[in-house]
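Q: In case you want the letters, here they are:
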Amino acid sequence: MTATLTQDVPIERSTGYWAGVWSRLRRDPVSLACMAVLAVIVGACVLAPWLTSHDPAVGSVILRLKPVGTPGHILGTDELGRDMLTRLLYGGRTSLVMGAVPVVLALLIGGSLGMVAGFVGGRVNTAIMRSVDVVFAFPSILLAVAIAGAMGAGIVNALLALTIVLIPPLVRVTEAATTQVRRLDYVEAARASGAGAFTILRVHVVGNVLGPVLVYAASQLSVAIIMAAGLSFIGLGAKPPTPEWGLMLNTLRGAIYSQPMLAALPGVFIFAVSLSFNLLSDGLRQAMELG
Amino acid sequence: MIAYLLKRLAAAVPVALAVSLICFLLVQLAPGDPLSVVLPSDATQEQIDATKARYGLDRPLVVQYALWLGNVLQGDLGTSIATGRPVGAEIANALGYSLSLAALAAGMAVVLGVGLGMVAGYSAGGWLDKLASAIAISGVSVPHYWLGIVLVVVFSAELNWLPAMGAANGDPGLTDRLRHMILPAIALAAMPMGIITRSVRALVAETLGREFVSALVARGLGQGAVFVHVAKNVAPTALAVLGVQIGYLMAGSILVETVFAWPGTGSLLNQAILQRDLPLLQGTILVLAMIFVGLNLIVDIVQPLFDPRISRT
Amino acid sequence: MTPVLETVGLSKGFDLRGGIGQPARRVQAVSGVSLALMPGHTLGIVGESGCGKSTTARLIMGLMPADAGDLLLDGKAVGTGGGAMRAFRRNVQMVFQDSSASLNPRLTLERSVAFGPQVHGLPAREANARARDLLARVGLDPARFAGRYPHEVSGGQRQRVNIARALALQPRVVIFDEAVSALDKSVEAQVLNLLADLKAEFSLSYIFISHDLNVVRHVSDEVVVMYLGQVIERAPAADLYAAPAHPYTRALLASMPSHDPDRRTTHPPLTGDPPSPIDLPPGCRFAPRCPLVADVCLARAPALAVRGRHACACHLADAGSGHPQAGAGA
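Residue numbers (our numbering), protein chains in the order written: chain A, 8 to 298; chain B, 186 to 498; chain C, 596 to 925.
Quick caveat, the hints were computed from the structure, so don't treat them as lab data.
Label pairs and their computed distance ranges (CB to CB):
hint, chain 1, residue 1, chain 2, residue 2, range
1, A, R130, C, R902, 46 to 52 Å
2, C, R902, B, A188, 55 to 61 Å
3, B, G260, A, V49, 49 to 55 Å
All figures in this text were calculated on a predicted structure; none of them were measured in a lab.
Beta carbons: idealized from backbone N, C-alpha and C, even for Gly.
With the sequences and hints as input, model every part of the structure.
A: Quick look at the structure:
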């Protein structure tokens, strides 16, 4: 067979699947708004040192619980006189990391386990899925509290507890998707070409499984942020004086009657982030369905 | 049917055992020497060995587990380090409070959830659907502990309609009890309500869109009859979702109970964590997890009654 | 002449998990299938759904391990090791039935075709070039199609891509498993013509699996008829269609809708549904549905009786079988 040099002829390229998903997502007003909100909040937290000149750890006895709108302290001060805006921005870093890291780790670990279970099948599948079922027998919040409670307060312990709790549902979602994809003809054709398991997973399985898994992971981010802040709220997780939204909700409880706005403020951010992730997850699912 | 019942029970036993094993191993996660709580720091080696033997800590882990399990099955959950009272008694006291709170929250979640879900499903795409779905997703996304704080701020601090904390004292009448329960119940119910709404909405929309419904309408069946068909199709899955959510309500109430100082199992957990009271922690978690397993079992058993597609063999 | 591809006694069974209180059962999907493909020929395999034709194809391709039997390429046994399998797959490729899932929806058509060569070590640039050449060769202009995705092209075009994918590894044998069954008749005709051209141009040998008897007659040199996992008749195409020996083959051919309005087929000669390959009867597997069944058929499974190039697994064709009508001619 003579090889003609058709590679020099320009080829029309259609929009790829993910490019299509992105363009549909961009055009959905709700999703766009969520992405904007998240970008602003995350961006502000990352740029905290440049956005505020106050030190999150330094308080002032005379400036305690100043209301929103106090000159010099736009969002007021907390129960120890520390600037609220600063605490919120730095606290956001902690909260967001505590929410995102477990999800990313669970995605990597749980996703891999699920793909292996779905692809290999047989006894390996049974072993993995039964183990996952056992963890599922525990309600997630209880398990997170149990692990973190047993190990003691601390960010690392909380991260560990949350990762363990988030892995099983991700294994299930990934396994279901992989089992479905594995039976399709193009995977058989890939095997018939002589490709090894890793190559098939990389080229054919991951791309087709990623969709539903990402949708689920996005909704998990919402849950993770709430649980991470929740753990800090009851004294597990972040320890004072580390700023963290959930912890701040706890320490500001004394101000419920005197400065209710201050007391509620950290929770507004948790809510905003969580809501945005959930809406984004829905938007992503719709963008993928139409593709 | 009896065979199915027995099968499900049999399947639940290994799950329950695995759960008990996890509870047992939890304590092993705890840092530090468990003996340091009961022994003075200048204890001699003999005293240490004697105490170890008394608590059975010198035996291999498997044996310790078996002993512990044996005790648990006889109702002995150990003694609280902080209060010195039996753990079982402490839990029994608190359980009633948590159960009543969970029941009220579950009731709210079901009524609101199914109602909103039906409304949204029937008017799919319309403004009612959008409104109901917005409420639902807010419920799912709201941090329930924060919602509790906001409720306290609004209804207690600002409006002074309802009490902020605790269960009613002494021997309260029903109204007083309810007044104390309402705010924490709302906070607890938010997330399950949201999830139930979304599930019901999806089911209703899907059922209405299916061909057999069009066939029914073409045969002249009124909307009422269609509704019954929809309800029958939605019921099994809705039941399953509900069962799981009640489980979460029971087991996950710690955060809300902390906000409202509600003397339930959640507060007990909180206390156990703060005071590093490992027997209390372990016992409470075990009881709550078992309730969850039990609820799942009940859902498993009841589901085929609603959905004939699930085999009863 | 040595067959380019040969199977001897290929067998495969599946275990069905029993429920609680039910024993595990075995589905004998393929039993002792022996085929020979001559160089430059097309071997057709026909049979009803569930007769094991697709399973046989997958056994040959190594997509599942056989329980028993040998595979020979150019007369030499094919090893089961990884390296032997890879080498084998450069020689034998398969085209699946068109479905919405025969091509990876996330890959462009060019990448789908280039995948195989890349797996075997060809650098991306050359693999893509070969892919484009093949797309052109199967009638799809690379400038328009190489960068497209599967959902953007029609069923017939997808099958052409599948063919290009099979040819990308430059095999000598191509197995077509119901490859044209899902296509419209006009498209099917075009694809069959394309296959004939390609076979001549690239010196290929084909195994053509189908349940459509007309198509198989049109394309095949030899035909094998399968029933419940066994080869029950084997003959050159013309012989099989002119003088079928096995009662099943006769019934199958008689059930083809007649093109002559004066000779309409009014009642189906084969009664009953195709039985399941679980719980097989001890004697001839066709006995329960055979109009010419005798006692010996239920007791003993018939061996493949060979007469020249025509083989038939039926007691009727075997003079010494004990069947009352044996040896009375096909």
